[in-house]
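In this text, residue positions in the sequence shown follow the working numbering: the first is 4, and each later residue adds one.
Hints in this document: simulated from the structure, not taken from any laboratory. Errors might be hidden in some of the hints.
Dumping the calculated SDA-like pairs for lysine to any residue here, alpha-carbon to alpha-carbon at most 25 Å [as the list claims (entries may be wrong)]: (1) K76 to P128; (2) K153 to S141; (3) K88 to S141; (4) K111 to A82; (5) K146 to K88; (6) K111 to R100; (7) K146 to G112; (8) K111 to V149; (9) K76 to H27; (10) K146 to P106; (11) K153 to E103; (12) K88 to L152; (13) K146 to A18; (14) K111 to E96; (15) K146 to R100; (16) K111 to L101.
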Amino acid sequence: MFTSVLMIEKALTSADVEFVTTLHGEEPVAFHVLLQPRGDQADRLLRAIDDIALGELDEAAREREVPEGEEAKSAGQQALEVSLKALRAAGSEAEGRLVEDHPLDALKGLVGETGADEVIVLTDPHYVEEFFHRDWASRARHKVGVPVLKLFSHSKA
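Build out the structure end to end from the sequences listed, making use of the hints.
Okay, here's the thing in structure tokens:
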């Protein structure tokens, strides 16, 4: 069985689930999902810049409404449960947890713990961080010791 660590920031959409579960053809895949709620990530300014770069001015204006702290954890737990259920419904094994500390430390630890074959980082575009190679996928490539695939979410959850 192929083992993937899947790092996400929001609930997977049906298109995302189909995409990640078919990456390896008919080979069965076990997913270990790490979710860091968006409100616990980079500051609002970077998120707003990303929204503007995507032409989503309304989203940029709503960044102050993104839950943070305990509210983000509650929403994150719900998004994680929805994602795990969707992966299982697609025929994959799936377990997961919220990121409690630094996301890359959690990622490296989980890769070592599970003996993962790869890491998939599936997020919305983060143009500022990607430009400076400070996004999760760019930094993970130097840290985890397995191939890292960067994918963009297919649609808004």
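query: Going back to the hint list, which numbers does this structure go against?
result: Violated hints (numbers, rising): 3, 5, 9, 13; every other hint is consistent with the structure.
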